[in-house]
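In order, the protein sequence lines correspond to chains A and B.
Take 43 as the starting number for the first sequence in this note's numbering and just add one per residue.
Take 14 as the starting number for the second sequence in this note's numbering and just add one per residue.
There's no promise every hint is true.
Chain A stretches covered by chain B per the calculated footprint, using a threshold of three residues with CB under 8 Å from any CB of chain B [claimed, not checked]:
(1) 53-59
(2) 81-87
(3) 115-127
(4) 135-144
If the Cβ cut is set under 7 Å, some of the chain A residues that face chain B in the computed set are [what the hints assert, rightly or not]:
(5) Leu65
(6) Gly68
(7) Ser69
(8) Ala73
(9) Pro90
(10) Glu95
(11) Leu132
(12) Ser175
To give an idea of the interface, some chain A residues facing chain B are shown, with a C-beta separation under 10 Å as derived from the structure [to be verified]:
(13) Arg44
(14) Ser62
(15) Gly72
(16) Leu256
(17) Ala260
Simulated from the structure, these hints should not be mistaken for laboratory data.
Model, not experiment: these values are computed from the prediction.
Note that the Cβ used here is the ideal one computed from N, Cα and C, for glycine as well.
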Amino acid sequence: MRQRDALLVLFAVILAVGVSALLLAGSFAGAQPEATRPGVYFDPTRTPPPAREFVEVQRRFPGPFGAIVPLQRGVSEAASDAAGYLLVLLGTAAVFVLGHDQVVATYRASLGTWRNQLRVFLTGLAVVGVGASAGALSTIVFLGTVAQGVRGPFGVPAALQIGIAAMGVVVVVAGLAALVGFAASSWRLGDVIFGAPGLRRVATEIPTPLVALLGATAIYVVWQLPIVGGIAVLCALAYSLGAVVTARLAQSAPATPTPPSVT
Amino acid sequence: MSLREPLDLEPQERATHRLLSAVPPQTLPLGFRDAVMRRVTGDPSVGWEWVVAAVLALPSLAFLAFQVATRGGEFAAALNNMLLAATSDTSQAFFFVDGLTVIALALLGLASLVAAHASTAIATQRSTTSR
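The whole structure should be built from the sequences, with the hints applied where relevant.
So this is what it looks like as structure tokens:
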């Protein structure tokens, strides 16, 4: 085990101890008979019941352990809002681990000058346009087919459910491709951030996944902005899909026979 | 090295290329290739990744199991309300989740990723060295 590995293990142990203390406090607070707020709540009619004052919970904790209750409450409330961010980080990291080759190929396809970047982005926009158009047209064709009576042995509801399920499958496949592209785009954005004059010196010492996670964080932060967020996410989606398509085309290019030169 | 000159050689590189091309090929010593491959693929241990995965996963698993054991009814009620809302024409819904559950799930996912990385690294090392 190298020194870096030992440090990582030590960091993980410290993190685990800290989180375990919070989880223990949360379990203890939730197991109280007067605990009013549920762990998970979904209701279309009523708002969730308010949480108990943490001073009441603190009183039941033995001595010095009561000090952890305010921290546990704050972390709990912050983390319930951060589920989307954690999901973005987890998805990016998962693609890096499980689809490493695809991410690297997509990243390589998005390298180059600003002209290459623009080409990747425009390709992605074209893919988004094709996807939206094809999705709308297939919906129209499908609904027309169902309405005209071609609905199989189970009637309209079953035909609609089968169609919606099939579209869900298409969306999942497109989402996987977009996720690979998103990881590569985050990596590129992280490179750009660490290419800044003040950060260039430390860029080589930071592992690639961390650079990519920083890029993903930047995209997520921009996504939260009120007006710019939607446009930024659309641009990120277009760039991601464009990078994936460019990588696919670059991979299949050598396999195609070169036409004889006219000259 | 091939005796045929590559097309992209500069004029001043040709003499060096001819000199190196004239050296007769020699058989590498036995075990050389394996030693090199061990050096290349030999990030020797991924044991620490298993340790990190276990350290991160166990508290989260314990917490989630405790949550299911003590507050499983709340999960079931929320799921039931979800199914009811999906079949009704309600225009609003109220949702709340304990943040510690989110943290536990995220840590469990992170630990699973670390474990997946460790197991795929072992598989890659085995397949590379057995080739």
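Practice item. Against chain B, run the beta carbon of Ala73/A and see if the smallest gap drops under 7 Å. Key: Hint holds; Ala73/A Cβ to chain B Cβ min 6 Å, cut 7 Å.
Check your understanding: Would the stated hint for Ser62/A survive a check requiring a Cβ distance to chain B of less than 10 Å?
Key -> 4 Å, holds
Check your understanding: Given Gly68/A was flagged as interface, is its beta-carbon under 7 Å from a beta-carbon of chain B?
Key -> 4 Å, holds
Review point. For the region 53-59 of chain A, do at least 3 residues have a Cβ located nearer than 8 Å to some Cβ of chain B?
Key: Result for this restraint: holds, n = 4.
Exercise for review: Return the status of the interface hint for Ser175/A: holds when the least beta-carbon distance to chain B is below 7 Å, violated otherwise.
Suggested key: This hint is violated: Ser175/A lies away from chain B, its Cβ roughly 29 Å from the closest one there, beyond 7 Å.
Exercise for review: Using Cβ atoms only, decide whether Ser69/A comes closer than 7 Å to chain B, and label the hint accordingly.
Suggested key: 5 Å, holds
Check your understanding: Regarding the hint that Gly72/A lies at the interface with chain B, is the smallest CB-CB distance below 10 Å?
Key -> Because about 7 Å separates Gly72/A from the closest Cβ in chain B, which is inside the 10 Å limit, the hint holds.
Check your understanding: Three or more residues of the region 115-127 of chain A near chain B by CB distance under 8 Å?
Key -> holds (count 9)
Review point. Taking the closest Cβ pair, is Glu95/A under 7 Å from chain B?
Key: 17 Å, violated
Exercise for review: Under 7 Å, Cβ to Cβ, is where Leu132/A needs to be relative to chain B, so tell me if that hint holds or is violated.
Suggested key: Hint on Leu132/A: holds, closest Cβ of chain B at ~5 Å, below 7 Å.
Point to revise | Proximity test - 8 Å, beta-carbon atoms, the region 81-87 of chain A to chain B, at least three hits | key: With 7 residues close enough to chain B, the hint holds.
Practice item. Using Cβ atoms only, decide whether Pro90/A comes closer than 7 Å to chain B, and label the hint accordingly. Key: Since the shortest Cβ distance to chain B is 4 Å, the answer is holds.
Checked against the numbered hints above, the structure breaks hints 10, 12, 16, 17 and satisfies the rest.
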